[in-house]
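There are 2 protein chains.
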Amino acid sequence: MKATRFFIGTLKEAPADAEIVSHKLMVRAGMIRRVAGGIYNYLPVGLRSIRKVEAIVREEMNRAGAIELLMPSVQPAELWQESGRWEQYGPELLRFKDRKQSDFVMGPTHEEVITDIARNQIKSYRQLPVNFYQVQTKFRDEIRPRFGVMRGREFIMKDAYSFDKDVDGLKVSYQKMYDAYTRIFTRLGLEFRAVAADNGSIGGSGSHEFHVIAETGEDDIAYCPTSDFAANVEAADALPLIAQRGAATEPLVKTATPGAAKCEQVAELLGIPLERTVKSIVLATENGEGAEPTIWLLLLRGDHDLNEIKAGKLEGLGNFRFATEAEIVEWFGTPPGYLGPIGTKKPVKVIADSTVANMSDFVVGANEVDFHTTGVNWGRDLPEPVVADIRNVKKGDPSPDGKGVLDICRGIEVGHVFQLGTKYSDAMSANFLGENGKPQPMQMGCYGIGVTRILGAAIEQNFDEKGIIWPESIAPFEVVVCPMGLDRSELVREHAERVYDELVKAGVDVILDDRGERPGVMFADWELIGVPHRLVIGERGLKEGKIEYQGRRDTEATLLAAEEAAQVVAQKIRAALAR
Amino acid sequence: MKATRFFIGTLKEAPADAEIVSHKLMVRAGMIRRVAGGIYNYLPVGLRSIRKVEAIVREEMNRAGAIELLMPSVQPAELWQESGRWEQYGPELLRFKDRKQSDFVMGPTHEEVITDIARNQIKSYRQLPVNFYQVQTKFRDEIRPRFGVMRGREFIMKDAYSFDKDVDGLKVSYQKMYDAYTRIFTRLGLEFRAVAADNGSIGGSGSHEFHVIAETGEDDIAYCPTSDFAANVEAADALPLIAQRGAATEPLVKTATPGAAKCEQVAELLGIPLERTVKSIVLATENGEGAEPTIWLLLLRGDHDLNEIKAGKLEGLGNFRFATEAEIVEWFGTPPGYLGPIGTKKPVKVIADSTVANMSDFVVGANEVDFHTTGVNWGRDLPEPVVADIRNVKKGDPSPDGKGVLDICRGIEVGHVFQLGTKYSDAMSANFLGENGKPQPMQMGCYGIGVTRILGAAIEQNFDEKGIIWPESIAPFEVVVCPMGLDRSELVREHAERVYDELVKAGVDVILDDRGERPGVMFADWELIGVPHRLVIGERGLKEGKIEYQGRRDTEATLLAAEEAAQVVAQKIRAALAR
Numbered sequence: 007m008k009a010t011r012f013f014i015g016t017l018k019e020a021p022a023d024a025e026i027v028s029h030k031l032m033v034r035a036g037m038i039r040r041v042a043g044g045i046y047n048y049l050p051v052g053l054r055s056i057r058k059v060e061a062i063v064r065e066e067m068n069r070a071g072a073i074e075l076l077m078p079s080v081q082p083a084e085l086w087q088e089s090g091r092w093e094q095y096g097p098e099l100l101r102f103k104d105r106k107q108s109d110f111v112m113g114p115t116h117e118e119v120i121t122d123i124a125r126n127q128i129k130s131y132r133q134l135p136v137n138f139y140q141v142q143t144k145f146r147d148e149i150r151p152r153f154g155v156m157r158g159r160e161f162i163m164k165d166a167y168s169f170d171k172d173v174d175g176l177k178v179s180y181q182k183m184y185d186a187y188t189r190i191f192t193r194l195g196l197e198f199r200a201v202a203a204d205n206g207s208i209g210g211s212g213s214h215e216f217h218v219i220a221e222t223g224e225d226d227i228a229y230c231p232t233s234d235f236a237a238n239v240e241a242a243d244a245l246p247l248i249a250q251r252g253a254a255t256e257p258l259v260k261t262a263t264p265g266a267a268k269c270e271q272v273a274e275l276l277g278i279p280l281e282r283t284v285k286s287i288v289l290a291t292e293n294g295e296g297a298e299p300t301i302w303l304l305l306l307r308g309d310h311d312l313n314e315i316k317a318g319k320l321e322g323l324g325n326f327r328f329a330t331e332a333e334i335v336e337w338f339g340t341p342p343g344y345l346g347p348i349g350t351k352k353p354v355k356v357i358a359d360s361t362v363a364n365m366s367d368f369v370v371g372a373n374e375v376d377f378h379t380t381g382v383n384w385g386r387d388l389p390e391p392v393v394a395d396i397r398n399v400k401k402g403d404p405s406p407d408g409k410g411v412l413d414i415c416r417g418i419e420v421g422h423v424f425q426l427g428t429k430y431s432d433a434m435s436a437n438f439l440g441e442n443g444k445p446q447p448m449q450m451g452c453y454g455i456g457v458t459r460i461l462g463a464a465i466e467q468n469f470d471e472k473g474i475i476w477p478e479s480i481a482p483f484e485v486v487v488c489p490m491g492l493d494r495s496e497l498v499r500e501h502a503e504r505v506y507d508e509l510v511k512a513g514v515d516v517i518l519d520d521r522g523e524r525p526g527v528m529f530a531d532w533e534l535i536g537v538p539h540r541l542v543i544g545e546r547g548l549k550e551g552k553i554e555y556q557g558r559r560d561t562e563a564t565l566l567a568a569e570e571a572a573q574v575v576a577q578k579i580r581a582a583l584a585r
Numbered sequence: 007m008k009a010t011r012f013f014i015g016t017l018k019e020a021p022a023d024a025e026i027v028s029h030k031l032m033v034r035a036g037m038i039r040r041v042a043g044g045i046y047n048y049l050p051v052g053l054r055s056i057r058k059v060e061a062i063v064r065e066e067m068n069r070a071g072a073i074e075l076l077m078p079s080v081q082p083a084e085l086w087q088e089s090g091r092w093e094q095y096g097p098e099l100l101r102f103k104d105r106k107q108s109d110f111v112m113g114p115t116h117e118e119v120i121t122d123i124a125r126n127q128i129k130s131y132r133q134l135p136v137n138f139y140q141v142q143t144k145f146r147d148e149i150r151p152r153f154g155v156m157r158g159r160e161f162i163m164k165d166a167y168s169f170d171k172d173v174d175g176l177k178v179s180y181q182k183m184y185d186a187y188t189r190i191f192t193r194l195g196l197e198f199r200a201v202a203a204d205n206g207s208i209g210g211s212g213s214h215e216f217h218v219i220a221e222t223g224e225d226d227i228a229y230c231p232t233s234d235f236a237a238n239v240e241a242a243d244a245l246p247l248i249a250q251r252g253a254a255t256e257p258l259v260k261t262a263t264p265g266a267a268k269c270e271q272v273a274e275l276l277g278i279p280l281e282r283t284v285k286s287i288v289l290a291t292e293n294g295e296g297a298e299p300t301i302w303l304l305l306l307r308g309d310h311d312l313n314e315i316k317a318g319k320l321e322g323l324g325n326f327r328f329a330t331e332a333e334i335v336e337w338f339g340t341p342p343g344y345l346g347p348i349g350t351k352k353p354v355k356v357i358a359d360s361t362v363a364n365m366s367d368f369v370v371g372a373n374e375v376d377f378h379t380t381g382v383n384w385g386r387d388l389p390e391p392v393v394a395d396i397r398n399v400k401k402g403d404p405s406p407d408g409k410g411v412l413d414i415c416r417g418i419e420v421g422h423v424f425q426l427g428t429k430y431s432d433a434m435s436a437n438f439l440g441e442n443g444k445p446q447p448m449q450m451g452c453y454g455i456g457v458t459r460i461l462g463a464a465i466e467q468n469f470d471e472k473g474i475i476w477p478e479s480i481a482p483f484e485v486v487v488c489p490m491g492l493d494r495s496e497l498v499r500e501h502a503e504r505v506y507d508e509l510v511k512a513g514v515d516v517i518l519d520d521r522g523e524r525p526g527v528m529f530a531d532w533e534l535i536g537v538p539h540r541l542v543i544g545e546r547g548l549k550e551g552k553i554e555y556q557g558r559r560d561t562e563a564t565l566l567a568a569e570e571a572a573q574v575v576a577q578k579i580r581a582a583l584a585r
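In the order they appear, the protein sequences are chains P and B.
Number 585 marks the last residue of the first sequence (the working numbering); no jumps.
Number 585 marks the last residue of the second sequence (the working numbering); no jumps.
By construction, these hints were calculated from the structure, which means they are not laboratory data.
The structure displayed is predicted, hence computed values, not measured ones.
Among the hints, erroneous ones may be present.
As the list makes no split between identical chains, a pair holds if one copy fits it or if it spans any two.
Stated by the list, open to error - Mimicking DMTMM-like on lysine to aspartate or glutamate, the simulated pairs with C-alpha atoms at most 20 Å apart in a straight line are:
#  : residue 1 : residue 2
1  : Lys-106   : Glu-148
2  : Lys-472   : Glu-98
3  : Lys-511   : Glu-336
4  : Lys-129   : Asp-172
5  : Lys-400   : Glu-65
6  : Lys-129   : Glu-19
7  : Lys-319   : Asp-560
8  : Lys-511   : Glu-65
9  : Lys-409   : Glu-274
10 : Lys-106   : Asp-432
11 : Lys-472   : Asp-311
12 : Lys-106   : Asp-23
13 : Lys-177   : Glu-314
14 : Lys-103   : Glu-93
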């Protein structure tokens, strides 16, 4: 490509509504332009990167045996009514009427349409397994679209849907997609982690998110640097930090802790480690109209946080809410701040986090304002508690796989693989005739990749003060050739054209900047756009047989023999793409 | 591709709502499935053909210097209000509100969005010309979606928009697109014509439609088999069929023609050729409230039809309507059926078609029921008329380019190139600074290709009782390898795999039917799907060193040397694609 036949729309300033670096840089690099909130034009530079992401995604989906098709954006409400999501889905689902007043939606996802295809096309176990995918434009009417392509309303996704005859088949299909996603993000040249997202209703880990690691990510990820383990902090198992409970050594003492309502204050006041304190969290569950609620006391070590998702999965706590202050006063005889399991006014159900359950000589609230109880021990002072994992993991915790210690990082979700099971096939009667001749619901999986989001995530991970730093695989161009004084020097023109032609022949995606701009303008544009390799062709260098090369992350240029420059760069790019 | 790793969804029966052959065959071949009226899933077979069309379109657009970008489906109403189309566009424009009650449309076309891009990105004449294009999903809320992909609601289009600094530049950009479209439809392997669509407001032919020739087409096209001339029948210039007016030889005679209200009846009754008769058409134009209208009498030869578009372009006739019967009686003294230019009751403005103007001794109504006047001659019996081309061309007419005789065929519009001029740049202030330093509106052109519609058009042109007959360029597969008894014969399996591998290596898009179906099922499926080449590999043939080849249009198979079969077929395909 020659720059004069292309469109470069770089800007000096980022728009006022751009809050994060990827949004700012994508606008400044001329990749996207806002049309309305969360709706963008993809300008030529941006579209080139999108197409490269799509191409890698398609190659790996095809390699994994998935079959491409294309479903519509506009979907009839009937299908969503059948699945139940017409009611369940919030206002992110854009609903509208056509000219005949029939209800439609703009598809935010395609489970309903693909399930409709499957129930019509797949009749027999002989047609299974099958995995259909598409690369398609979706719409989610976000309440607050922001961050450019990271949380847009109209965006491009790859979504795949697998159909299997049984759960074992689903697990095989799921693993294929998991592996394909691993190859995709590896080839994209991104630092990423596959993160267990929950423990699934089907058994095993039914869902993984693929996160690009970036400090600006929205999600906290717990991972083990010395093993493969990674999970959303909320989904990671927290092991007990005390292997075995120690014997009681202190007497039970009610101690004045004036004004110390928080564990940190208590620890400081008493001169003990925070890890000796236990915090009390009070939940309530309803027992029907007129009946009084059940009150639950959850005990966590002072430095730990409640994981509400884990709590909600415990027996009896499915629909918990936090207790009101009035309930706390009624059950504990005191307002929040100095609560504890000993001497409550009315009976409460106590659940101890698995770490708390192994503590001894610990400190809890005394159910009296400005007092705590020290030297508390299970069995001696309190009945043995119900024990459960109800906390978030922390940096330094043992990895649940036993292979090291957890660290925490932030990530941007760019992919998701999910075992749906029979949720949609049951709701929409997507059955097949099994080998036994009986109709059975298909086992479904769904697998998404946010194509446009990947661009934003890649930038959040790879940028500097000059602009974007693209991995070769998704750079709008792999190399830019910048001739110095193209219109003045025949020598420069000749070599620029030669190097350009050689790169094209070598299959390199090269742009020749033949705009005749000053070097400063050229360099600034291509650094902002983030082209990973640059060749500068100037008369002075050529007279010494040299062409200047600079990688986008290099702090200084190096000189290459003019005749070999194209091949050297082509080789660098091939090596990078071979990831 | 191997069939067992692909999805084939052929059907024995076409759906009840399929009226035309392409719709029936696309459903039966498993290319499309209906989701709602005019909204389809593109199943894997269909998507492969779509992608091939898109690839050819992109190659030729890029070659012509157009630059790809991507605009959104969902567009804010503000842009449409600026252009004026928010009011002008009918209910085909799907309008809806988002969750914040802002107005949006689903883009049926993108003039507004691209003009918005241009006015923001293009500041100087130095940035012109530029041509942006996209391949994108559009939505038109058709009142009666039908004919499958031919008149769908959601469909894929390639749309391009050129921006120039002056009309001369626009004409150059237009010609480039015209040439690119010619290459595109040639490469697609379709019989097509570029058809002048109107005479444009900019001068020259401002618009051409590209039609795929098919008997089932919706449009009548006049074309000259011995030259390049082609135009929509309504837009084609009709030359006078009589070069010079003959002298008057007959007297003016009022003749009884009882019951002969139509020219055909008059000609039969009087025993004269229809070409001697002249029909009268009465139009009216208003002169403001209270004033009586102007009445116009348009004269056409008995075998010709009025072209209302041409009439509407004549001075004074811009807002014509047909006269009422009461007006006719008032001005002519008689009800319709026997009208003529001689002896009207009140004055009328006479316009003669250019053929009528050169007639002599002709027959017209006598303005009296059951009477005509024969031997009518201009000058002698009537003042010289205003002369204009107001008729549709007919088969056998001279071609307006003087290079032959017109024929009429039917066509399906699949592309349109259009000189917009400054319609949108004026309305939306898309100005640039000219060389003189002054702001000027950009000259725009727009250029559309109906990607999904092309599939339907190609089928309407190429099918037989067995199914579709694809041109190689857009066939879902170029060749199918059908092994006979794959599971029984090791010899067959070996050769099938070898031939398949050779074809893949030769760059041929081949599918190996390894499903283990019976020959009849295999053949019927691939004939229905329309794969243009077939190799049948059976034990009997192999024992004689032969593989059976049959082209989709061939009535009989031919035998190829088993070792050469792949190369022979690859060569046939290369030759076809080299169009």
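Evaluated hints:
1. Lys-106 with Glu-148: This pair counts as between: shortest inter-copy Cα distance 10 Å, intra-copy 27 Å.
2. Lys-472 with Glu-98: neither (36 Å within a copy, 47 Å between copies)
3. Lys-511 with Glu-336: neither (81 Å within a copy, 80 Å between copies)
4. Lys-129 with Asp-172: Within one copy only: 15 Å inside a chain, 61 Å across chains, cut-off 20 Å.
5. Lys-400 with Glu-65: neither (38 Å within a copy, 54 Å between copies)
6. Lys-129 with Glu-19: between (57 Å within a copy, 17 Å between copies)
7. Lys-319 with Asp-560: neither (51 Å within a copy, 67 Å between copies)
8. Lys-511 with Glu-65: between (23 Å within a copy, 18 Å between copies)
9. Lys-409 with Glu-274: Answer is neither: 34 Å inside a copy and 103 Å across each miss the 20 Å cutoff.
10. Lys-106 with Asp-432: neither (31 Å within a copy, 34 Å between copies)
11. Lys-472 with Asp-311: neither (40 Å within a copy, 69 Å between copies)
12. Lys-106 with Asp-23: between (38 Å within a copy, 18 Å between copies)
13. Lys-177 with Glu-314: Close neither inside one copy (28 Å) nor across copies (67 Å); limit 20 Å.
14. Lys-103 with Glu-93: both (16 Å within a copy, 19 Å between copies)
The structure fails hints 2, 3, 5, 7, 9, 10, 11 and 13 (numbered hints given earlier, in ascending order).
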